[in-house]
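Chains as they are written, first to last, in the numbering used here: chain A, 1 to 543; chain B, 1001 to 1317.
Keep in mind that a hint or two might mislead.
[Stated by the list, open to error] In silico PhoX-like cross-links for lysine-lysine, where the CA-CA straight-line distance does not exceed 20 Å:
no., chain 1, residue 1, chain 2, residue 2
1, A, Lys16, B, Lys1135
2, B, Lys1134, A, Lys16
3, A, Lys9, B, Lys1134
4, A, Lys294, A, Lys264
5, A, Lys225, A, Lys73
6, B, Lys1262, B, Lys1252
7, A, Lys248, A, Lys114
8, A, Lys114, A, Lys247
9, A, Lys264, A, Lys304
10, A, Lys204, A, Lys166
11, A, Lys301, A, Lys266
12, B, Lys1104, A, Lys441
Derived by calculation from the structure, the hints in this document are not laboratory data.
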Amino acid sequence: MSEQTRIEKIKYGLLKTIDVSGFKVFDPVVRLIFGEEPQKQVKDITRFMLMPIVFVCCCLVAWNFIAPRHKTKSGEVPTPAQVWNALTINDTLYDRENEKESDFALSDDQREAKIEEVKTLIETKESESTKLKEELATIEASAKQKKAEALAPLQAEYSELKTTHKEARAKRKIEAESLAEAVTKKKATTEELLTFLRDSSRLKEDEKEKEQIIKDQIAEINNEKPKSLQAAQMASDSAATEVQHLKKRLDYLSSGNRSLKVAKAKDSASSALTELESAKSPAEILAAANTVVKNEERASKIAKQEYPRASTIWFQMWRSLFTVFIGFVLAAVVAIPIGIMCGLNRVAMACLTPIISIFKPVSPVVWLLIFQIVVGAFFPNPETHPFFVFLNSLPIIGRLNANPALIFSACTVAMCALWPALVNTALGVSSVEKDHMNVAKVLRLGLWSRLTKIIIPSSLPLMFAGLRISLGVGWMVLIAAEALSSSEGLGKFVWDEYQNGSSLTFSNILLACFVIGIIGFILDRIMIVLQRAVSFDDGAATV
Amino acid sequence: MTTPAMEIDAVDIGFGPPGQRTEVLSDINLKVEKNEFVAIIGFSGSGKSTLMNLLAGIQPASSGEVRMNGTPVREPGPELGILFQNYSLLPWLSVYGNIDLAVKQVFPAKTAAERKDYIQRYIDMVSLSGSEWKKPSELSGGMRQRLSLARTLSMQPEVLLLDEPLSALDALTRANLQDEIIRIWEEDRRTVIMITNDVDEAVLMADRIIALTPGPKATLGKSFPVTLDRPRDRTTLNFNPEFIALRNEVTKYMIGINEEAKKLRVSADLPLPGLMPIDFNSHDRKPRVAQTSDLIAPGSQQVPEVEERELVGAADE
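Put together the whole structure using the sequences plus the hints.
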């Protein structure tokens, strides 16, 4: 019996968790696992889980079908597989940055060991790469041959067509001339000559068209790249970049290594020191002493140096999240007190209404520009500004390289995310139930206790509903702000891709689209959970 | 002569701007002695809740004054413990938390341990032991009203104001809670003013029953002293001739004043549209065209909407 109740407890705990996190879809799965009305659960699973999955699969298939058929200036629209490929490529880029970073910081025995490891890797990879290159060459040759074979008849046809057309044109010219002569001798009318010329011009158009058709066919074959060739090229390219990456690692392990650089600086410092001892003239002494001090300084500077990471999609993602977090917190800190004030006092509400109404619809782009000017004035010298020095000295956040652009983006996010939170808070506070206020009156609660004991708890659900909207708005605004202010982040990632125009551009943009969407979804879920947690009405305000 | 525990002196209450003013209560006079249990009985819509809010100090009087022990009541406070009809519990606090909020505010001098014992006593008093950490949404209607009662009592009010405390409950829970309130009151006597629309309830619980005439311009009517011995047992009371007589008397009086009110308002009755019976045999039933007689007669506009009048107990007749 106790076993039974224990299982029930686990079951309802799970169901509650699912409910609170907003993943109601998995409800029947849990119930099925615990064997509750299996038929009903299976039916629910088919209707609310399998059907959506099938639908999404249909969408993917449709995408896969339509994408290659739409040719754009920047190539075909990428298929799902290509986007997935872009994801793996971006992921390896991230991993490689990590490897280089750790290589840069290695020292002594570990470094030696790593060098050996990388060297053997380079050997194997290089042989692989040459093999792939050879394969590519053969495939390329065969493809070329095939292409030539396919082109030969067309080209023959084209030149034949051209010669016949040339002849026809010459013939028509002669005929026209003779016709003109006939006109002078009154053997033919001018009308006849005109009709002839009109006809011949029409014939010329037709001929041109025929030539164009064949020309197009030839161009198509020329542009065609067989799948096998494409794959071989990709494999060879990736092997080559892998080798390149390994060589770069070797560089970071040897001459580019931090510990070596430090040692070098220290060496020159000590050699300068011996020079100092043997120096005779005051000028020599001074010069040597200067060298010592400079090299010492350099050594200590290098010792603190971090590996200059190239920005990868995951780095951009973390930076975007950090920026949106700052913006969101800023918005909440401003919106909640003002919202409470507006909800409590109708005069305050009346005073702020014009401001809210006018600034709410302003585009984030305008806010960004304004903040760049206004907030930018606070950081004339960002590298040495104490705020950024402090931010960049923090353990994890320091790696995100906070700069003024980040602050501008965060301020823009805050400005746009402010309004939903403010309006909802004001609404929540002003719609506290009259009964609850009567309780406060009977208990003679002071303003502070009235706020903390009655008003704020009672308006929390609406407040959080507003914050949830704010976060969604903020995340959307952030991407645009980053693109415009070129603050490192997903927005800049998209923008850079668009500007770069590599073969991966389109896939990367679509990839960013999914990353942004999924993160937005996760942020929204987090807010739903928080909202449910503070809702006393069991989340009736949610949805 | 001693000062009454609670006194209403010539109070009028009206709402709305001048010209369109609706007088809800007019010329209310009431004196309640210390430790007396007074029931005010009235029809729904006759301004009962306004009267209660007036007593609690939530609703100021347009003219006249409410006095407690001789001092005018100007604002609500813990000495005027009001038990709201819809519980007014704070849904984000537990049973304990709801009472704790009140106790902390009213008795700030109590230490944490004292407070804990004190709150537990009130939770036990209304038989909510074991539900201390439940939220109001997890309680039944009866339990919620018990909690509300415990919260009100924990403030140790001088006067207990019950605003139709049981009207949202089903008959069985209601009877149960009536007994509970009486039991608590008998253990710890204090002045009680209860508003109700249930004649049985009033007769069972009160020392004195006062009728509230139907609004607008509702006022207090006849007063009926209840001389039945306490403790009153509801099972035997039903056969008690005195109880039956009093119940019938009150009911008759209430119905009488309602008839009277209706007669007074006869001009306000809506004129019925002149409808011919539909001839179900003819097939071309045309849709009825609106006629001038459908409109409300001019002059009846000022009359407030006709409220549904109900009187529990009247059905016994």
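Results of checking the hints against the structure:
no.: 1; hint: Lys16/A <-> Lys1135/B; result: 17 Å, holds
no.: 2; hint: Lys1134/B <-> Lys16/A; result: 17 Å, holds
no.: 3; hint: Lys9/A <-> Lys1134/B; result: 17 Å, holds
no.: 4; hint: Lys294/A <-> Lys264/A; result: 13 Å, holds
no.: 5; hint: Lys225/A <-> Lys73/A; result: 17 Å, holds
no.: 6; hint: Lys1262/B <-> Lys1252/B; result: 15 Å, holds
no.: 7; hint: Lys248/A <-> Lys114/A; result: 13 Å, holds
no.: 8; hint: Lys114/A <-> Lys247/A; result: 13 Å, holds
no.: 9; hint: Lys264/A <-> Lys304/A; result: 15 Å, holds
no.: 10; hint: Lys204/A <-> Lys166/A; result: 10 Å, holds
no.: 11; hint: Lys301/A <-> Lys266/A; result: 11 Å, holds
no.: 12; hint: Lys1104/B <-> Lys441/A; result: 15 Å, holds
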